[in-house]
Each structure stands twice: as structure tokens, then as C-alpha cells.
Amino acid sequence: MRKQTIMKWIAAISLAFGLTATATEEIKGKDVVSRGNIQTIIGTLQSEDGTEFTLVTSKTSYELHLGPEKYRNSMPVKLKPGQDAEVRGFVYKEHISPITIKTDGSTIILRDKEGKAVWAGTEYSRKNRQK
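The numbering of the sequence shown is my numbering, which starts it at 1 and goes up by one.
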């Protein structure tokens, strides 16, 4: 009886820590690429601050992984909240790591079909950023 009680406590604690780790896990763009499937999703762009964007459809809101902020700021086409957009990219749960974003007649290319980011190996990549 005591052994069963101990096992139940261990299971409960493990479950609690497992859920906490999952709930706070930060998913990065490269994680979405490795875990996701390529899909095209149409929706409306939303943003609280004009730098981080969400694609909202009638069923789901997807966090868009657009790369380093410095790179996003250098893009010739600027995304705006309220724009309708067609996003083709790697989709994993409620996350999209875009290959392309089409909006207002313009196309932004962020990754190739294998998932390599266009900023990889440039001044915007993590390896080449000044510390």
C-alpha cells in the first residue's frame, strides 16, 4: 500500500513538472521547421507592437516566426496589422515559420523549401551578430 502511494506521488510530481515544462517551452522558428509540415494558410495579420505578428483565421491564431528583429526591420515590404495575408510555410501546432508571405500584391521570402532562413550566414544571423 505504501509503495503504491509513493508511486502515485512520483507520477503526480512528474506529470506536474512535465506540464510546466511544456507550457513554458519557447518554440523557435527552427523548431517549427523541424517539426512542422508545409502548408498554405490565409488569414489576417494582427500585432500588438508592429514587430511580432499573428496570423488569425476563422479557426486558429498562428504565431509567425519572422526571424531576428533587425532583419525584419530591414525588409523592403513592411507587414501591417489588419492586412490580409497568404502564408506558406512550416506549420507546427499554432506556429508558422513562413517560407513566403503574400500581402497587398507583394511577396516576402523568408525561407527556402528546406527551411533555411534567408538571413542565415548574413549580418543578421545569430553567429554573425556583434555581442
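Simulated from the structure, these hints should not be mistaken for lab results. The reader is advised that the hints may include incorrect statements.
Said to hold, decoys possible - Straight-line distance between alpha carbons at most 27 angstroms, and here's what the computed DSSO-like set of lysine-lysine pairs gives:
1) Lys-80 <-> Lys-30
2) Lys-59 <-> Lys-78
3) Lys-70 <-> Lys-113
4) Lys-102 <-> Lys-78
5) Lys-80 <-> Lys-70
6) Lys-28 <-> Lys-116
7) Lys-116 <-> Lys-93
8) Lys-70 <-> Lys-30
9) Lys-59 <-> Lys-102
10) Lys-116 <-> Lys-78
11) Lys-116 <-> Lys-30
12) Lys-59 <-> Lys-70
13) Lys-59 <-> Lys-80
14) Lys-80 <-> Lys-116
15) Lys-78 <-> Lys-113
16) Lys-102 <-> Lys-28
17) Lys-78 <-> Lys-30
18) Lys-93 <-> Lys-113
19) Lys-28 <-> Lys-70
20) Lys-28 <-> Lys-59
21) Lys-113 <-> Lys-30
22) Lys-28 <-> Lys-80
23) Lys-59 <-> Lys-113
24) Lys-116 <-> Lys-70
25) Lys-80 <-> Lys-113
26) Lys-78 <-> Lys-93
27) Lys-93 <-> Lys-28
28) Lys-80 <-> Lys-93
29) Lys-70 <-> Lys-102
30) Lys-30 <-> Lys-93
Do the hints match the structure? See the list:
Taking the CA atoms of Lys-80 and Lys-30, the gap is near 24 angstroms; set against the 27 angstroms cutoff, the hint holds. With a C-alpha separation of about 25 angstroms, the suggested pairing of Lys-59 with Lys-78 holds against the 27 angstroms cut-off. For the proposed pair Lys-70 and Lys-113, the alpha carbon gap of about 23 angstroms is at most 27 angstroms, so the pair holds. Our distance criterion of 27 angstroms between C-alpha atoms is met by Lys-102 and Lys-78, whose separation comes to about 11 angstroms.
At most 27 angstroms may separate the alpha-carbon atoms for a hinted pair to count; Lys-80 and Lys-70 meet this at roughly 17 angstroms. Using a Cα cut-off of 27 angstroms, the hinted pair Lys-28 and Lys-116 holds, with the two alpha carbons roughly 13 angstroms apart. Proximity of Lys-116 to Lys-93 is assessed by CA-CA distance (about 20 angstroms); at most 27 angstroms being required, the pair is judged to hold. Distance check on the hinted pair: Lys-70 and Lys-30 sit about 18 angstroms apart at the alpha-carbon level, within 27 angstroms; holds.
A C-alpha spacing of about 20 angstroms is found between Lys-59 and Lys-102, which places the hinted pair at or below 27 angstroms, so the restraint holds. Note on Lys-116 and Lys-78: the hinted pairing holds, with a Cα-Cα distance of about 21 angstroms set against a maximum of 27 angstroms. A hinted pair counts as satisfied when its Cα atoms are at most 27 angstroms apart, and Lys-116 with Lys-30 qualifies at roughly 9 angstroms. Between Lys-59 and Lys-70 the alpha-carbon distance is near 31 angstroms, which puts this suggested pair outside the 27 angstroms criterion.
For the suggested pair Lys-59 and Lys-80, the alpha carbons sit about 21 angstroms apart, so the restraint of at most 27 angstroms is met. A distance of roughly 25 angstroms separates the Cα atoms of Lys-80 and Lys-116; the hinted pair therefore holds under the 27 angstroms criterion. About 22 angstroms separates the Cα atoms of Lys-78 and Lys-113, which keeps this hinted pair within 27 angstroms; it holds. For the hint pairing Lys-102 with Lys-28, the CA-to-CA distance comes to about 22 angstroms; that is within 27 angstroms, so the pair holds.
Restraint check for Lys-78 and Lys-30: satisfied, since their Cα atoms lie roughly 22 angstroms apart, inside the 27 angstroms limit. As the CA atoms of Lys-93 and Lys-113 are separated by approximately 19 angstroms, the hinted pair is consistent with the 27 angstroms bound. For the proposed pair Lys-28 and Lys-70, the alpha carbon gap of about 16 angstroms is at most 27 angstroms, so the pair holds. Pair hint Lys-28 plus Lys-59 holds up; C-alpha atoms about 23 angstroms apart against a cutoff of 27 angstroms.
Only pairs whose Cα atoms come within 27 angstroms are accepted, and Lys-113 paired with Lys-30 is accepted, the gap being roughly 13 angstroms. For the proposed pair Lys-28 and Lys-80, the alpha carbon gap of about 22 angstroms is at most 27 angstroms, so the pair holds. Between the alpha carbons of Lys-59 and Lys-113 the distance comes to roughly 26 angstroms, so the proposed pair stays at or under 27 angstroms and holds. Between Lys-116 and Lys-70, the direct Cα distance comes to roughly 18 angstroms. Compliance with the 27 angstroms bound is thereby established for this hinted pair.
For the suggested pair Lys-80 and Lys-113, the alpha carbons sit about 25 angstroms apart, so the restraint of at most 27 angstroms is met. With a C-alpha separation of about 26 angstroms, the suggested pair Lys-78 and Lys-93 falls inside the 27 angstroms cut-off, and the hint holds. A C-alpha spacing of about 12 angstroms is found between Lys-93 and Lys-28, which places the hinted pair at or below 27 angstroms, so the restraint holds. About 24 angstroms separates the Cα atoms of Lys-80 and Lys-93, which keeps this hinted pair within 27 angstroms; it holds.
Distance check on the hinted pair: Lys-70 and Lys-102 sit about 21 angstroms apart at the alpha-carbon level, within 27 angstroms; holds. Between Lys-30 and Lys-93 the CA atoms are separated by roughly 14 angstroms; this keeps the pair inside 27 angstroms, and the hint holds.
Violation of the numbered hints given earlier is confined to hint 12; every other hint is satisfied by the structure.
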